[in-house]
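Number of protein chains: 4
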Amino acid sequence: MFTLRNVSVACRRSAVLTWRGISQRAVQRLDISGVYPPIATPFTHSEDVDYHRLNDNLNKYADIPFRGLVVQGSNGEYPYLTPEERVEVVKKVRQALPKDKLVMAGSGCESTKATIQMSQRMADVGADCVLVVTPCFYRGRMDSRALINHYAQVADSSSVPVVLYSVPANTGLDLPLDAIIQLSQHPNIVGLKDSGGDITRLALIVHKTRSQGFQVLAGSAGFLMAAYSVGAVGGVCALANVLGQQVCELAQLCVSGRWDEARELQYHLIEPNTAVTRQYGVPALKQAMEWFGYHGGVCRSPLQPLSQTDLDQLRVKFTSNGWL
Amino acid sequence: MFTLRNVSVACRRSAVLTWRGISQRAVQRLDISGVYPPIATPFTHSEDVDYHRLNDNLNKYADIPFRGLVVQGSNGEYPYLTPEERVEVVKKVRQALPKDKLVMAGSGCESTKATIQMSQRMADVGADCVLVVTPCFYRGRMDSRALINHYAQVADSSSVPVVLYSVPANTGLDLPLDAIIQLSQHPNIVGLKDSGGDITRLALIVHKTRSQGFQVLAGSAGFLMAAYSVGAVGGVCALANVLGQQVCELAQLCVSGRWDEARELQYHLIEPNTAVTRQYGVPALKQAMEWFGYHGGVCRSPLQPLSQTDLDQLRVKFTSNGWL
Amino acid sequence: MFTLRNVSVACRRSAVLTWRGISQRAVQRLDISGVYPPIATPFTHSEDVDYHRLNDNLNKYADIPFRGLVVQGSNGEYPYLTPEERVEVVKKVRQALPKDKLVMAGSGCESTKATIQMSQRMADVGADCVLVVTPCFYRGRMDSRALINHYAQVADSSSVPVVLYSVPANTGLDLPLDAIIQLSQHPNIVGLKDSGGDITRLALIVHKTRSQGFQVLAGSAGFLMAAYSVGAVGGVCALANVLGQQVCELAQLCVSGRWDEARELQYHLIEPNTAVTRQYGVPALKQAMEWFGYHGGVCRSPLQPLSQTDLDQLRVKFTSNGWL
Amino acid sequence: MFTLRNVSVACRRSAVLTWRGISQRAVQRLDISGVYPPIATPFTHSEDVDYHRLNDNLNKYADIPFRGLVVQGSNGEYPYLTPEERVEVVKKVRQALPKDKLVMAGSGCESTKATIQMSQRMADVGADCVLVVTPCFYRGRMDSRALINHYAQVADSSSVPVVLYSVPANTGLDLPLDAIIQLSQHPNIVGLKDSGGDITRLALIVHKTRSQGFQVLAGSAGFLMAAYSVGAVGGVCALANVLGQQVCELAQLCVSGRWDEARELQYHLIEPNTAVTRQYGVPALKQAMEWFGYHGGVCRSPLQPLSQTDLDQLRVKFTSNGWL
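Chains as they are written, first to last, in full-length UniProt numbering: chain V, 1 to 324; chain B, 1 to 324; chain A, 1 to 324; chain Y, 1 to 324.
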């Protein structure tokens, strides 16, 4: 039998956090555990935000045991919205959503200054926390020093908690482990959404940050079960826009330790999930939403509708796994 | 001796272009050949745009035989500027610049709609042409179909000519060859700035588009001579912010066929160029500008100043090549 | 509650396999489930294979509940051995090993012909099955068609079962999913060692092949628990050369459903595992073996010993996780 | 007008080289300038080396002004040959080739020891110099230290000059610049074949090594003209197996400063070159050889023949550029 030497088995440190030399009582961190759909933004045919259809979707989501909604994750086409639209959508979602559901609002911009301002505006219209994607245009210079500085400034100034967001498929940048570890000590940074899918890295992040009460969310339904197995506490899953009940069911099976059932369900979610994310992207997500009774509709240009071939392939991913 | 069969040796087609089935007289395209610095944006210590220092730089650039200036290429930190700042900087540059120098304004945004609007606003304040970077956040969906559609919409609506801009180091995306070829037939798309540095691709682009009068600009001083050797007509070179006279000299040597002298000069520009671009980025460019009598100064956060080690290394790249 | 429609829940098909139109009784496949160290090859100071030290290691491994040993995985420096040495090492290992332990011998070569011959020679000296790495030098041409053809030829001719081996960190090539699915139907291909670490892909492979009785082994201790959670049946883990007892313990905890204990142990194995694989490679593995009472020693050139700095870092990865 | 300060304009140092502290007279280096086809290895239908057809090809190549032949570059399928076959092919080529043509023999293996032995065997059967590809299986550990050590050992022991060979498309590894610079000082290392196609890097290599008399060869006809423009002295070009006369003509135009004619010819060689290398690989090269009167034939498995679609596309690349 093996023994761990020299290591006090990790236990949640509830006492004193040190951030930049200032010792302070650990604040009770916002509990963000659970499942979130990163909601899509419906548009009219003239490409304006369609608040009516958005509201319809929100009403349907109300019946699903989500922890909350992510507004303006990558699937919300936030890079295609004006700053005003970004704030307005968050505001409308908050108004429509029951109070016990969290609004996690994507406030990331390329500059620190713009991110601080956007975070504040979103908090002002009711966001419960902000999800801040790594700035990435100058990715060659976005090392740990730059990213720690960026996030610390944003967290220092934000009136609501901050969730880190690493999504290398879109940004070409993985938030480095050492930056995450250091930032996990910031009292206003409560967790991370990691969409990279490297399960070894994800486990190590949990290992290195759980003593801070730092919470890790899987960024995709494709590895949700594996993420739970190594200590994640939830997921932000594009597929939950389409199969929300099922993704919540998968999370619940994991939380309650019913791994065999979880595994069976996980298997049947992988292909649909890959199809609406990495493979065919937001246009596919919006198309699949239509099949399941939600409003998806067109994307803003330059995102194009799927070709008929892609559409057919997409549909097979749902039918062959028993969902259509 | 070899012979080319079945191929009419390429000649500039001056007569009739076909775009979307509409036959039309070829417009006389704007001549964009020559050297451009993609100018940096000086900031005050509170990170506001420093128009005074910008003006000083412009005055110094007036003595150098540039074809014009690129305002808000990647080195201008445009992703860190607000839309209003982007337009204002273009306006100020146009006012300060002699009429015979071109203002090529970077108007690219992620959405087609925003790019169209930004292009128009920049044209309205005097931009001679717009430089449109590939949208890239959803790079997995930015195939030729999406990009052709995007650029065609922008070019259709723009009152000034459009220059395509491919910069994979920042965007993670190479504008595909087939898209370039098709877009080269659009009467309002006059050329391409290619920063990728794949000289084989660049030569092939010239080969496939020169009959349209399409003009290719090298996106870096590192391969400027090689680009000229295969048919490029100029360059947008970060290094020209620092060693503008020398980059123009290199271009002139190439144009006049003095390749041996050009080669010697090219050799000594490679390391300084790499240092202010790929290696240490915009902070290094701005630092080097200070050494050569220009205002560089700080970058907006999250870009950080260079460490002392990097600074020392940067300086060596200039001293060891005889420039300091 | 969700339901799966149109899908007969996967059940192990025990009856009839079809391969190339030939219907046949499903052979009882070799059970390869469990943990394997991919053993290192000790060398003398003149870089000859040190069979004496190899034997010492084998004697120590005999006390650990491994399913067997992998001889000439990537950690065995097989690309540095002559064909004769490769066969001789397998022979010596088989002679030293108790009969109930499997010898899985790495027989992959670049050409199909050489792989067939090497597989046969290894079977002749007692290998229980062969592990066949993807050929990779012409990776641009190694599509599913080429790889299916390669593996089918090898499996057709081999007198012992074949295990597929995908290790993109070394080969730059991921064995494509569709190739794996098709090859899983071959009666002489019993499983896959996947070292890529993409847990979503790994789960999907299990989902798509388990009805064939196809067995998936994790290629690293870093994601061993997650792999078990999604249906893998074992692992080939470099770290098991060093912490063999602990890796077997982790596997046992997973198999018996004691996930909470497994998780704690998994956490403390990640950093040591990364250190002896991706981070510092075979020289680090051999160094760590020395710390834990095994013979590691030098690698063949061009692999170099670790620098002192790397050595110190390596040691920290073991001490900080309680293993030294 | 610019001036270079602090830099003595590079001049060929003809006097004393220092290598590992041993001062020695600079040997007269072997002149390797010119064009080489990296010849293909014809096989019989049973996949044996077809020496008869090889001889036919050599006879045809005799009429073309090549500087010599590369035997067992990547296009020679050397990873698919046994050590004995590798030596035998070199021997046969040397016997068939006029004395004034160089045989540059690819002797690279994964281990230093095997590379040393193979180099010696090839020298013994008449190779004039050896071309040594970077070992790559453990690419994560193949840093400058390892590679310098490897090449220095090989060069120390070799009775014929050594040419470095960097081919990242196959090896996933770029021989680092600092390693090249240091190795260029070794009296028995005469040059580099660089197949990467990064023209900026290539120019910098020439800049940093020409004082040693180090010679750089372009590894592809796609960027041959650009390579000459920045100081390369020749090329090893797959396309020269097919269009040998034309590639030599291009080289001659560059050497004699007739850049405008060179450019026109270069344009028409790019697509055929890409097609027989990166795009469709060795099977395409061998197919194209058949069209131009050479023996190409099948590749060894796992390389597969082209599909009909690929074949048609390949042919178009030659016809549309006037070569068929």
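A hint or two may mislead.
Pairs involving identical chains hold if they fit within one copy or between any two copies, as the list cannot separate such chains.
List of simulated lysine to aspartate or glutamate pairs, EDC-like, C-alpha gap at most 16 Å [what the hints assert, rightly or not]: (1) Lys208 with Glu271; (2) Lys60 with Asp178; (3) Lys92 with Asp56; (4) Lys99 with Asp143; (5) Lys92 with Asp128; (6) Lys101 with Asp63; (7) Lys113 with Glu85; (8) Lys91 with Asp124; (9) Lys99 with Asp128; (10) Lys101 with Asp156; (11) Lys208 with Glu264; (12) Lys113 with Asp63; (13) Lys113 with Asp48; (14) Lys92 with Glu249; (15) Lys113 with Glu47; (16) Lys113 with Asp156; (17) Lys113 with Asp260; (18) Lys99 with Asp31.
Hints listed in this document are in silico derivations from the structure and should not be mistaken for laboratory results.
Each hint, compared with the structure:
Taking identical chains as interchangeable, the C-alpha atoms of Lys208 and Glu271 lie at most 16 Å apart only when they sit on different chains, with a minimum of 11 Å there against 31 Å within one chain. In the homo-oligomer, the alpha carbons of Lys60 and Asp178 never lie at most 16 Å apart, since the shortest distance is 40 Å inside one protomer and 37 Å across protomers. In this assembly of identical chains, Lys92 and Asp56 lie within 16 Å of each other by CA distance solely inside one copy; the values are 12 Å within and 47 Å between copies. When the C-alpha separation of Lys99 and Asp143 is checked against a cutoff of 16 Å, the pair qualifies neither within a copy, at 38 Å, nor between copies, at 41 Å.
Taking the shortest alpha-carbon separations for Lys92 and Asp128, only the intra-copy value of 14 Å comes in at or below 16 Å, while the best inter-copy value is 41 Å. Proximity of Lys101 to Asp63 under the C-alpha cut-off of 16 Å is restricted to the intra-copy arrangement: shortest distance 11 Å within a copy versus 54 Å between copies. Within a single copy, Lys113 and Glu85 get their C-alpha atoms only as close as 19 Å, which misses the 16 Å cut-off; across copies the closest is 14 Å, which meets it. Proximity of Lys91 to Asp124 under the C-alpha cut-off of 16 Å is restricted to the intra-copy arrangement: shortest distance 9 Å within a copy versus 34 Å between copies.
Only within a single protomer do Lys99 and Asp128 lie at most 16 Å apart by alpha-carbon distance; the minimum there is 10 Å, versus 52 Å between protomers. In this homomeric assembly, Lys101 and Asp156 never come within 16 Å of each other (Cα to Cα): the closest approach is 25 Å inside a single copy and 45 Å across copies. For the homomeric pair Lys208 and Glu264, the shortest alpha-carbon distance between copies (12 Å) is at most 16 Å, but the shortest distance inside one copy (30 Å) is not. For the homomeric pair Lys113 and Asp63, neither the shortest alpha-carbon distance inside one copy (38 Å) nor that between copies (35 Å) is at most 16 Å.
For a Cα distance limit of 16 Å, the shortest separation of Lys113 from Asp48 across copies, 11 Å, qualifies, whereas the shortest one inside one copy, 27 Å, does not. In this assembly of identical chains, the alpha carbons of Lys92 and Glu249 never lie at most 16 Å apart, being 28 Å within a copy and 52 Å across copies at closest. Proximity of Lys113 to Glu47 under the C-alpha cut-off of 16 Å is restricted to the inter-copy arrangement: shortest distance 9 Å between copies versus 28 Å within a copy. Within a single copy, Lys113 and Asp156 get their C-alpha atoms as close as 12 Å, which meets the 16 Å cut-off; across copies the closest is 34 Å, which misses it.
For the identical chains of this complex, Lys113 and Asp260 are neighbours neither inside a copy (47 Å) nor across copies (43 Å), given an alpha-carbon limit of 16 Å. Taking identical chains as interchangeable, the C-alpha atoms of Lys99 and Asp31 lie at most 16 Å apart only when both belong to the same chain, with a minimum of 15 Å there against 54 Å between chains.
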